[in-house]
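S.K.: The listed protein sequences derive, respectively, from chains L and Z.
For the first sequence, the numbering used here gives the first residue as 672, with consecutive numbering after it.
For the second sequence, the numbering used here gives the first residue as 3, with consecutive numbering after it.
Among these hints, one or two may not hold up.
[Said to hold, decoys possible] In silico lysine-lysine, BS3-like type, Cα no more than 27 Å apart, as pairs:
id, chain 1, residue 1, chain 2, residue 2
1, Z, K81, L, K827
2, Z, K54, Z, K32
3, Z, K32, L, K823
4, Z, K54, Z, K126
5, Z, K81, Z, K54
[Stated by the list, open to error] A short list of chain Z residues far from chain L (calculated; beta carbon distances all over 12 Å):
id, residue
6, G51
7, L62
8, A76
9, D123
10, T125
11, P131
What the hints contain is simulated information worked out from the structure, not anything from laboratory work.
Glycine included, each C-beta is placed from N, C-alpha and C at the ideal position.
Here is what each chain is made of, one letter per residue.
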Amino acid sequence: MMRPSLRSLLLCAAVALTAFGASAQSFPGVGDSRSGGLGGLLNGLSSFTQKESPDEEARSGEDIAAPVLGAAPPWRNPAVQRYVNLVGRRVADQAERRDVAWRFAVIDSPSVNAMAFPGGIIVVTRGLYALLDTEDELAAVLGHEIAHVNRKHQWKVIRQQKLVAMA
Amino acid sequence: MQNWRAPVLFGGALLAVLMGLSPASAETAKLRAPVSLLAAPLASAARTGGAKAGAVAQILDRRGFWARVSVGGANGWVKLSALSLSGASSGREIAALASGRTGSGNVVSASGGRGLDNGPDLTKGVPNPAAVAALSQLAVSQDEAERYARAGRLSTRSLAYTAAPKDAGSP
């Protein structure tokens with residue numbers, strides 16, 4: 672059973688943008704957002720574009736997730752999948768967004784990675800899952816990825832790229 | 003909730019085999035805390051020695067979240083989280099080492115599809131929209147998650163976001 676002293680829910684936000692930031696790579700297919708001055712300029716410009724809809728954000732996330740699940744499908748372990756969804760959903764419900772359809776999965780890859788996709792799809796590899804010792808650690812990883820979704824990190828990069836494509 | 007332990011142990015063993023070929027690194031790091039050196043990159047591995055906080059360790063190898071270090075004449079595996087990069091890399095987090103950003107020539111591609119172990123790029127698969135759609139069947143409701151948390155006697159406390167470090171890798 673879970674340990675009652677879990678600080679996982681507290682950790683989720685705190686860990687979100689710190690140590691795991693450089694380690695858990697979370698931007699498949701959209702390139703590195705650290706593009707210096709131009710990136711900053713585009714970031715500013717993007718706030719002037721039309722307001723995005725949650726639907727568009729979710730569709731884009733599903734499109735980006737599709738090749739990842741093609742490379743590594745969800746692990747056939749219903750107990751683990753349910754467990755990860757229970758912990759993930761509980762962590763997500765502590766955060767600020769309510770317009771997200773949260774879906775969590777352990778994907779069948781020995782690689783060590785976790786990814787977030789716009790719209791609330793979050794995957795953890797079987798390899799990363801195997802390295803976790805406690806539920807707190809799982810919650811910390813999921814909390815990090817949840818923060819990517821909530822703060823629309825990847826979605827902002829996608830919108831920047833759309834702006835570049837239009838220019 | 004015990005039933006996830008078995009796959010973890012199995013996965014850990016599998017991982018140890020699959021991840022055995024990481025590039026070696028000549029970096030040094032300082033130990034953040036007193037550590038046990040372990041015979042293998044697994045928390046359950048036998049202790050081969052120990053080292054004090056602040057000791058400088060040479061990183062010989064790494065696998066996932068683990069590094070094999072040489073410190074004070076002893077050798078063994080420690081979790082990367084126990085290490086703080088020293089010397090020329092001072093001030094940079096060990097997470098940077100884990101993601102290969104510290105100049106050892108294996109910089110992680112900007113795609114983010116490669117994980118800590120520089121495994122295959124997961125973004126290069128043939129799109130499987132059916133698998134994406136099926137994820138909804140795994141999802142649980144807010145109520146279910148709340149009941150689960152209540153069963154574990156979890157309580158909620160509010161915390162603010164921490165500021166993102168200026169040189170963070172992925173935001």
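S.K.: All hints are to be evaluated individually against the structure, with a verdict given for each.
M.R.: Quick rundown of the hints versus the structure:
1. Z:K81 to L:K827: Status violated; Cα separation ~33 Å.
2. Z:K54 to Z:K32: It holds: about 10 Å lies between the C-alpha atoms, which stays within 27 Å.
3. Z:K32 to L:K823: violated, 35 Å
4. Z:K54 to Z:K126: violated, 44 Å
5. Z:K81 to Z:K54: holds, 15 Å
6. G51: The assertion about G51 (chain Z) holds, with a minimum of 21 Å to chain L.
7. L62: Non-interface label on L62 (chain Z) holds, nearest chain L Cβ at 19 Å vs cutoff 12 Å.
8. A76: holds, 23 Å
9. D123: violated, 8 Å
10. T125: violated, 4 Å
11. P131: At roughly 5 Å from the nearest Cβ of chain L, P131 (chain Z) sits no farther out than 12 Å, so the non-interface label is violated.
Of the numbered hints stated above, those contradicted by the structure are hints 1, 3, 4, 9, 10 and 11, listed in ascending order.
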